[in-house]
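> Sequence:
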Amino acid sequence: MTRTKLLLVLLAASTLTACAAAAPGPDLRGQLTMGSAWGSSRSAYGQFLAGQAALQNGSNAQAATYFDEALQLGEDPGVLADRAFTAALLAGDVQRSAAIAPRGTDANEQVRRLGVLTRVVDLMASGKGRDAQTLLKTETLGFPHRPAAVLLAPWLAAAAGDGNGAVVRPELQGDRFVQYFGQLSQARLYERAKRYDEAETDYKALMAVENARGLFLEDYGAFLERRKRHADALALYDAALARDPDDQGLRMARTRAAARGAAPAMATEKQGAAHVLVACAATFASERQSQFGLAYLRLALRLDPKRDDAWLLVGDLLAQDDDHAGARDAYAKVAPTSARYGTAQSKLAWSFQTAGDKAKALVLAQQSAAAAPKDRDAQITYADLLRANERWAESAAALDPLIAGQGDKPDWRLLYMRGIALERAGRWDDAERDLLTAVKMQPDEPDLLNYLGYSWIDRGVRLPEAIAMVQKAVDARPQSGAMLDSLGWGYYRQGDYKTAVTKLEQAVELEPGDPDVNGHLGDAYWRVGRTVEARYQWQRVLSLEPDAKQKAEAEAKLKDGLGGPPAKIASTQ
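Numbering (the numbering used here) for the sequence shown: 1292 to 1864.
Please note: incorrect hints may appear among the correct ones.
Dumping the calculated SDA-like pairs for lysine to any residue here, alpha-carbon to alpha-carbon at most 25 Å [to be verified]:
hint	residue 1	residue 2
1	1731	1704
2	1700	1537
3	1624	1384
4	1665	1623
Pairwise CB distance ranges, derived in the manner of DEER restraints [stated by the list, open to error]:
hint	residue 1	residue 2	range
5	1698	1721	11 to 21 Å
6	1785	1651	44 to 54 Å
7	1533	1836	40 to 50 Å
8	1698	1849	51 to 61 Å
9	1552	1801	47 to 57 Å
10	1386	1552	30 to 40 Å
11	1850	1770	32 to 42 Å
12	1803	1386	46 to 56 Å
13	1533	1418	35 to 45 Å
No lab work stands behind these hints, which were simulated from the structure alone. No experiment lies behind these values; they were computed from the predicted model shown. C-beta atoms are modelled at their ideal positions from N, C-alpha and C, and glycine is treated no differently.
From just these sequences and the hints, can you work out the full model?
As structure tokens, this is what we get:
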């Protein structure tokens, strides 16, 4: 499990989140946007409106350009200040956003507070640690930036040469996020001050927190490596890998420690400050406050431009805003030597797949898999994209080396993936073997139970066992229309058409846009004599963008029914 995922787990478990309140916070763009019309001419107001629309649509760099042009053409600076600042910051131009950050009493208070934080970070990034510390002390930052201000304080003290202030642990009453990341900062700053025993005391305290240790384990391991305690570092990494054997970062750390290679350097003041800002950004992202999350990531990258986890999160947030070009630029910032390179390439490939450039997606995935034959994520991404493009046999073949390399106990998820590919490729005997093995290993996984159960049902074999299997899946996920469809189709195959209708009607309510589910309900209606409704369902299939097979089947049924007269039913039915 990645440290970002662990952070989100920690946040979900925490009674108080760090950088956001329980209620949804303000959306910077929504707060600052007054319209969405594009300017029709290159007037000051036209450029202003164009900037508004670009900002609302997530085109931050374009919005910043429009606002700059509006200023040059004479638009009132007071009207533009908040918007121009926000656009520049979200686009990653921290220096400009710091220069134009609203400071007056007329400024929106939320934007003004973010402006103060931006100026503090920019001063620190410019080597003016003392000025940054003074500004943060002068300006009291409240919601939602108080946790970030508290966590930044010791790093600003270190940058200002304030040794005593640097090792004061950040605290915010009742806030576990600040407690944990404040203790990490103190451990790092104790090490910088050569107070190694006190640093290790902090690290050990963090390792004792079960739901948070994964966030800080690599930091502790790197500390042990720097102290030349390679055996202790190896023991730490091995224990973690026993829990999560696929963690690429941990595997790389273990390899380094085993070879007694150069340990990661201690965090600089700027890197330490960037770390806490990335953590706050992840908090905002978990609270669906993506604009604040993106703003914090831009600030972190001003301090540490090579921080790979920040670039990945930037890409994710931009992709959510449909800024696919910006997302790709962010993913491309991750270097090939990084433990996160495989993840970045996977996201990059999928961005092209989502945009419809399937050829480009497959080329990227294939290149990544070939360049890193031992990188599990790269191989899985390539297999997944082959499967998404219906190249079933190739997808299964791409998974073969991964599964073979795991010996007698392969990952059930890989078997499930290969089983799907083999089934679609027409190799049912091989697919069934993989799926049965996966079910034995993971007998309560609903998706797996449903897939194998439906495969049997659709083939008309092992029906009682298949229906029981799908029923178990439905019990686990009663709101799954796909699983209810499988169950209804199982009863249909058994000849229990009345029960099939009941289950399939429930499935259509949950999945009204699925051609297969609507087609199955039409078949069941026909068998119980409800021919008008059956034809309605088959006609509906044709309106739901069916594939060629679904379309041909629906058209044939509309023409000839199901090849015979529908069953007569009792008047009470």
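> So, for every hint listed, does it hold in this structure?
Right, here's what the structure says about each hint:
As the CA atoms of residue 1731 and residue 1704 are separated by approximately 12 Å, the hinted pair is consistent with the 25 Å bound. Distance restraint check for residue 1700 and residue 1537: the Cα-Cα separation of roughly 14 Å lies within the 25 Å cut-off, and the hinted pair is therefore satisfied. A distance of roughly 16 Å separates the Cα atoms of residue 1624 and residue 1384; the hinted pair therefore holds under the 25 Å criterion. This hinted pair checks out: residue 1665 and residue 1623 have alpha carbons roughly 21 Å apart, not beyond 25 Å.
Hint check: residue 1698 to residue 1721, Cβ distance near 19 Å, so the stated range 11 to 21 Å holds. For the pair residue 1785 and residue 1651, the beta carbons lie near 46 Å from each other, so the given range of 44 to 54 Å is met. Roughly 47 Å separates the CB atoms of residue 1533 and residue 1836, a value that falls within the hinted 40 to 50 Å. Hint check: residue 1698 to residue 1849, Cβ distance near 52 Å, so the stated range 51 to 61 Å holds.
A C-beta distance of roughly 54 Å is found between residue 1552 and residue 1801, which places it inside the suggested range of 47 to 57 Å. For residue 1386 and residue 1552, the Cβ-Cβ distance of about 36 Å falls inside the hinted range of 30 to 40 Å, so the restraint holds. A beta carbon spacing of about 35 Å between residue 1850 and residue 1770 agrees with the range 32 to 42 Å that was offered as a hint. Evaluation of the 46 to 56 Å hint for residue 1803 and residue 1386 yields a pass: the beta carbon distance comes to about 51 Å.
In this structure the supplied range 35 to 45 Å holds for residue 1533 paired with residue 1418, their Cβ-Cβ distance being about 44 Å.
The structure agrees with every numbered hint stated previously.
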